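Q: Here are the chains, one letter per residue:
Number of protein chains: 2
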Amino acid sequence: MKMRVEELSTPALLVDVDAFERNLATMATRFPGASLRPHVKAHKCTALASQQAAIGHTTFTCATPREVIGMAEAGVGTHLLLANEVVDRDRLRSMVVACEAAGIGLAVAVDSDETIRSATQAGVREVLIDVDVGLPRCGVSPDGARRLADMARSSGMAVVGVMGYEGHLQMVTDQHERATRVRESMLLLRRAHDDVGGEIVSAGGTGTHRMHTIGLESPSGVTEIQAGSYALLDSQYAALDDGFAVALTIAGTVISVNGRRGVADVGLKALGMDHGDPSIDGASVWFCSDEHVTFAVPEGQQLVVGQRVHVIPAHVDPTIARHEAMWLVRDGEVIDRWAIDLRHW
Amino acid sequence: MKMRVEELSTPALLVDVDAFERNLATMATRFPGASLRPHVKAHKCTALASQQAAIGHTTFTCATPREVIGMAEAGVGTHLLLANEVVDRDRLRSMVVACEAAGIGLAVAVDSDETIRSATQAGVREVLIDVDVGLPRCGVSPDGARRLADMARSSGMAVVGVMGYEGHLQMVTDQHERATRVRESMLLLRRAHDDVGGEIVSAGGTGTHRMHTIGLESPSGVTEIQAGSYALLDSQYAALDDGFAVALTIAGTVISVNGRRGVADVGLKALGMDHGDPSIDGASVWFCSDEHVTFAVPEGQQLVVGQRVHVIPAHVDPTIARHEAMWLVRDGEVIDRWAIDLRHW
Chain S
1 MKMRVEELST
11 PALLVDVDAF
21 ERNLATMATR
31 FPGASLRPHV
41 KAHKCTALAS
51 QQAAIGHTTF
61 TCATPREVIG
71 MAEAGVGTHL
81 LLANEVVDRD
91 RLRSMVVACE
101 AAGIGLAVAV
111 DSDETIRSAT
121 QAGVREVLID
131 VDVGLPRCGV
141 SPDGARRLAD
151 MARSSGMAVV
161 GVMGYEGHLQ
171 MVTDQHERAT
181 RVRESMLLLR
191 RAHDDVGGEI
201 VSAGGTGTHR
211 MHTIGLESPS
221 GVTEIQAGSY
231 ALLDSQYAAL
241 DDGFAVALTI
251 AGTVISVNGR
261 RGVADVGLKA
271 LGMDHGDPSI
281 DGASVWFCSD
291 EHVTFAVPEG
301 QQLVVGQRVH
311 VIPAHVDPTI
321 ARHEAMWLVR
331 DGEVIDRWAI
341 DLRHW
Chain B
1 MKMRVEELST
11 PALLVDVDAF
21 ERNLATMATR
31 FPGASLRPHV
41 KAHKCTALAS
51 QQAAIGHTTF
61 TCATPREVIG
71 MAEAGVGTHL
81 LLANEVVDRD
91 RLRSMVVACE
101 AAGIGLAVAV
111 DSDETIRSAT
121 QAGVREVLID
131 VDVGLPRCGV
141 SPDGARRLAD
151 MARSSGMAVV
161 GVMGYEGHLQ
171 MVTDQHERAT
181 RVRESMLLLR
191 RAHDDVGGEI
201 VSAGGTGTHR
211 MHTIGLESPS
221 GVTEIQAGSY
231 ALLDSQYAAL
241 DDGFAVALTI
251 AGTVISVNGR
261 RGVADVGLKA
271 LGMDHGDPSI
281 DGASVWFCSD
291 EHVTFAVPEG
301 QQLVVGQRVH
311 VIPAHVDPTI
321 ARHEAMWLVR
331 DGEVIDRWAI
341 DLRHW
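As given, the protein sequences belong to chains S and B, one line each in that order.
The first sequence maps to residues 1 to 345 in our numbering.
The second sequence maps to residues 1 to 345 in our numbering.
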C-alpha cells in the first residue's frame, strides 16, 4: 500500500531516507565496524539500529535499561554497553537475563563502590570504569579508576576497559579549540586506562568524533566512538558542518493564518526544547506552545490553512523520545514506519 | 498489594494525593461545576479527569483529537470542547463518531473558512468561534467573528459561543497588571460574543482564573474557565502563589556522587524543558542532560549513591506528556497507578 507523505496525520516525524543513508555511510567510512559503537539513545529505535548493524556496526551504546532490554529482545547487535550508572538491581538483572537469552554480550558502566556492588549482585559479568574527563556529571576521577577496577575484579567481574564522555565539548564551535580540549580530555582517560587495563577505551560523540583517532597508540587513544545523533542530526549539530545532513523533520499542518503569521500543529510536546526553538525553512519561528508553533513568513509569501510545513528540531534525541514512530520518506512517498520502541527508562 | 514509594523504578512521576485533592477542592470552590471546564491537555489522563468530574466539573477542554477520542472512549464528561483548530477531516470525523457513540456532546473551535469547511464535512454539529484576544496564535480578529458564525450557521452547524485564550497573560507577575490586561482581553472576546451569540464564553487558565468572573453581565463576562495545570501545578505556576500546591514531582535515584555534586536519573527526556530547568528542594540544579540532572547540595549535607530525590518540573503539561503513568502517593505509600492515556495527537 503506497502512501504519500501528505496523507500522514500531523505532527509526524519524517526521515529523509536518502539523507539518513548518506549520514550512515559517511560515518561508516570514518569509523567502520566496531570503531563506532552507535548510541541508541539518540533514536530509541531498533529498526534504525538494525540499519547501523547492516552497515557494519554491531556493538551499541545504551543509556537506559529499557534500551538494553529492547535491543536484546529485538536481537540487534553482538555487544551492548550501558554507558550509564544504574543501582536498581532488579533492572540490572533484567538486562543480564535479556542479553543472555539473546546471546548478546553486555558491559555496564560503574563509577563507585555502590554501582559495582549493584552490578555484582545482579550477575553482571563485564564492567567498564566510567571516568570523569571534564563533564561535571558521572565518572570517577582518573586517580580513582584503579581502585574501582580492583574492586570489580575481586568481585568476580571482568573489567573490559574505560569510558569517558566529553559531553561538554560537543558544541565548542571553534574546531581548533575543540580538538585541543578533546585531546586534553583523552589524556585523562588514557591515564585511567593505563591503571585499569582492558581492551575498550570508549569516548566521543557526534560533535567530537572527528577529533578522535582509533587505536591505543594513536593520538586520541580510543578504541571506539559512541556517536548517535549523526544518523538523523538536528539544527544544532548541523551548524557544526561536519559532513552530515538533517535527515529528520516534523511534518506539521498550518491550522491558522493571520497575514504573514502562521500557526502549525507542531508544539513543544512534539519537540525537545532544551536547545531552544526549532526552525522552519524560509520562515522565522516566534515561539512554541504545548500544541503549536507560531511563525512568520517573509513579505509576499503565501500562507494558507491546510498547507504542510517541515519543522527542524534543535535537539534530536529528546525530540524523537516524544514520538511513537518515525516515517521513512523517499521522493515524497512513505516507504516504511519505524516504531520508536526503546522509549522511556 | 501495598507498595512503598521507594520501591518504584525511577524516574517516576509521583502525585501527592493530599495536595492534589486540595488543589481540586480549592478550584471547585472558586469555580464550581460547569463554570470550570478543566483542560485535559495539562494531564492527559482520564483517571485524573474522572476525579475532576467527581467533584462536579463534567465539561472538559481538549487540545488534540486523541484527547477527545480518549475521553469519549473512557466515558468521562458530558460535553467536550476541542479548543484548537483541526483541518484533518478523518480525525475530526473520528472524534464525532467517538463522542456520538459515548453520548457525549462535542464542540470544535474554528477560526477560518477552512476550519469551518473541515468541521462541516466531518459531521461536526457544534462549533465555537475562536477569537484572537492578544496571544499571537490562533483565533480570528473580533471583527471577523460574525462572518464566521454566519458561515458556520449557514453550513448547518450550531454556533454555541466564543472562546479566547489569553495565554500571553498567564505569567504576568504583577497581579494588578495581570487583572487589567485580562479585562482588556475579555472586552475583545465580549465584543465578538455580541456578534456571534451562543451560551458559551470560554477563556482563562490557571494563571488568570482569579481575574475572571462568571456570567455574561459580570466584569469579565465569561461563562467558563479552561484551567488545567492547577490540579498538579509546577514550579512556575507555584510562583504565582495562588492557593495551589505542587502536587507533582519526579522521583529520581542518585546514581553518582562527587563531593557535594550529585547526579540523578531524571533527565530532560523525563521533563518539559521549555520553562527552564527543574528544581530540587534543598539543592541547586546545575543542568539537565538527556538522562541526568546534575545538582549540588549545600556544604555539610550528605549525598549518597542510591538515595532518592524529588525533582519539581518547571512546566507540568509537557513533563507529564513524556511519561506513561503517574503514581499516586499518600504517606509514602503508593495507592494507585494512573495511565497517561491521552498522550500524543
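Just so you know, these hints were derived from the structure itself, not from any lab.
On a predicted model such as this, the values are computed, not experimentally measured, just so you know.
It is possible that part of the hints are untrue.
For lysine to aspartate or glutamate, the following DMTMM-like pairs were computed, each having C-alpha atoms within a straight-line distance of at most 25 Å [to be verified]:
1) B:LYS2 / B:ASP18
2) B:LYS2 / B:GLU21
3) S:LYS2 / B:GLU324
4) B:LYS2 / B:GLU299
5) B:LYS2 / B:GLU324
6) S:LYS2 / S:GLU21
7) B:LYS2 / S:GLU21
8) S:LYS2 / S:GLU324
9) B:LYS2 / S:GLU324
10) S:LYS2 / B:ASP88
11) S:LYS2 / S:ASP18
Q: Does each hint fit the structure? Answer for all of them.
A: Going down the list of hints, with the structure as the test:
1. B:LYS2 / B:ASP18: OK: LYS2 (chain B) and ASP18 (chain B) at ~18 Å, within 25 Å.
2. B:LYS2 / B:GLU21: The hint holds at about 21 Å.
3. S:LYS2 / B:GLU324: With a Cα-Cα distance of about 32 Å, the restraint between LYS2 (chain S) and GLU324 (chain B) is violated, given a limit of 25 Å.
4. B:LYS2 / B:GLU299: Violated, at about 37 Å.
5. B:LYS2 / B:GLU324: holds (21 Å)
6. S:LYS2 / S:GLU21: holds (21 Å)
7. B:LYS2 / S:GLU21: Outside the cut-off at roughly 50 Å; violated.
8. S:LYS2 / S:GLU324: holds (21 Å)
9. B:LYS2 / S:GLU324: Violated, at about 32 Å.
10. S:LYS2 / B:ASP88: Between LYS2 (chain S) and ASP88 (chain B) the Cα gap is close to 20 Å, so the pair holds against 25 Å.
11. S:LYS2 / S:ASP18: holds (18 Å)
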